[in-house]
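Student: Below are the chains, spelled out letter by letter.
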Amino acid sequence: MSQPRDDWDAEERDALDGLEGELAEIRRKHQDDPSLEMLRAADADALPPELQAQVARHLQGSAWSRAVVDGLRDSGADDRLDAASEDRLLQRITREARAASRTSSRLLWPSLAMGGVALAATILMAVMVSRSGRDTVVVPDSPLPPAAAIPAAPIKIAFNKPGIKLSPSALAWRGEASANPFVRDLTPAFDAYRADDYPKAVAEFDRQATVYPGSIEVLFYQGVSRMLAGDDAGAVAPLEAAARLGNAMFADDVSWYLAVAAQRSARPDARVRFEQLCRGKGAYAAAACAAADQLSASAAVPRQP
Amino acid sequence: MEFESLYRQHVQAVFRFAMSITRRREIAEDLTSEAFLALHRELASIDPSQLPAWLLTVVRNRARDLWRHQLVEERYAVDKQPAAPPTAPPASSLEEWILESAGLKPVHRLCVMLRYVSGMTRAEIAAETGMSEMQVKGHLQYALSLLRKAHGVRQA
Chain A
1 MSQPRDDWDA EERDALDGLE GELAEIRRKH QDDPSLEMLR AADADALPPE LQAQVARHLQ
61 GSAWSRAVVD GLRDSGADDR LDAASEDRLL QRITREARAA SRTSSRLLWP SLAMGGVALA
121 ATILMAVMVS RSGRDTVVVP DSPLPPAAAI PAAPIKIAFN KPGIKLSPSA LAWRGEASAN
181 PFVRDLTPAF DAYRADDYPK AVAEFDRQAT VYPGSIEVLF YQGVSRMLAG DDAGAVAPLE
241 AAARLGNAMF ADDVSWYLAV AAQRSARPDA RVRFEQLCRG KGAYAAAACA AADQLSASAA
301 VPRQP
Chain B
306 MEFESLYRQH VQAVFRFAMS ITRRREIAED LTSEAFLALH RELASIDPSQ LPAWLLTVVR
366 NRARDLWRHQ LVEERYAVDK QPAAPPTAPP ASSLEEWILE SAGLKPVHRL CVMLRYVSGM
426 TRAEIAAETG MSEMQVKGHL QYALSLLRKA HGVRQA
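Which chain is which? The protein sequence lines are A and B, in order.
The first sequence begins at 1 in my numbering and counts up by one.
The second sequence begins at 306 in my numbering and counts up by one.
Quick caveat, the hints were computed from the structure, so don't treat them as lab data.
What you are looking at is a predicted structure, and each value in this text was computed from that prediction instead of being measured.
Everything hinted at is true.
Here are the simulated lysine-lysine pairs, DSS-like style, with alpha carbons at most 30 Å apart: (1) B:K410 - A:K29; (2) B:K442 - A:K29; (3) B:K442 - B:K410; (4) B:K410 - B:K454; (5) A:K200 - A:K165; (6) A:K165 - B:K410; (7) A:K281 - A:K161; (8) B:K410 - A:K281; (9) A:K165 - A:K281; (10) B:K442 - A:K281; (11) B:K454 - B:K442; (12) A:K29 - B:K454.
Just some of the chain B residues that point at chain A, by a computed CB distance under 7 Å: (13) S325; (14) I326; (15) H345; (16) S354; (17) L361; (18) R365; (19) L404; (20) P411; (21) L415.
From the three backbone atoms N, C-alpha and C, an ideal C-beta is built for every residue, glycine too.
Isolated chain A, as found in the complex:
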């Protein structure tokens, strides 16, 4: 954290007059905090796992860094590529894709020669000729070669498996971690979840939901496990119950997975949920905007502003 620069205007000097000592104390206290860049990446879960966990632990205990993250979310950046940049980037991707294709074609030759199998060589040579022939007809900066058509499928918004996290209240146990009754009771469920054994995870979370009906962790992962097990409709109820708890740490996750579960089970409120998330500034805003656009496009109805 750098020292303040001597560029304050008169209004700033006047307002901060007499507070220099306190500011210096705050600077000293937070000089080793994670950088803005690191906090931003952590907020998008885009750090290597070990560092992500370190920053998450720091955030749990640092109101200052949490305020920085909240501020970044609240700053309302609406970053867009303008039309020229969008075209330029497409051309770049096209060029690089073509170059990669040519490189992989060239790399096939040595293996052919070393193989020494005439038939294989003949077949692969035919492939090579076919590929190089395609390359020669593509002029630089032209549109992409025709891509393989993808069969149309009913739209189902995709989702990723969320990592396991525990709320501060779940971690408030003062004794040994292994003796924390809540963590101990949930271990079989989380073990199954980690091992991608979703039917078992669903069964375990269902059982724990009767013991801990007000636990955000149980309700959220019960819902997500059902989604991962293919029961999108069954995920809605526990996720709605999780939403009613109003847990700030899980709020974004719950809203996103509830919207996805609603959409995938063809509930009419799904699009509104995506639009609400899209208007917010949470971690899923970009994905929610894209999902809302995708649903609007499929329904040929413009998204409400």
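Go by the hints and put chain B onto chain A.
Tutor: This is chain B only, laid out in the frame that chain A set:
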């Protein structure tokens, strides 16, 4: 659906996400480009209903790779680990005011933190947050007006 259609449909969402991870425009363009290159390679096997989540996952993974690279180069893991959570109460009444003043929105707090604690210029704050310099100036003026009142009360 052809690649270009998918690109046009999803590029803004992917770029916006990349910018939310890194405020460096050129890096965000690189991440976006890599995601669509991966899509180009896997086009035949990708179900369009998996987009844009699939693309966002590629961006996230590439960003992690960049961080890993940076960690190795800077030996972050040894020298620059995130500080342990400070368990101490606010260092001063000013810190308490910044964190808890009901009149401040999160974005006001952020501007105050970056300007007067991190020592950034308004232009640097604008670049880091995606706001204009005028917006940053406005947020700071508002926060300072509240601070003056609060400071006056404390001094009285």
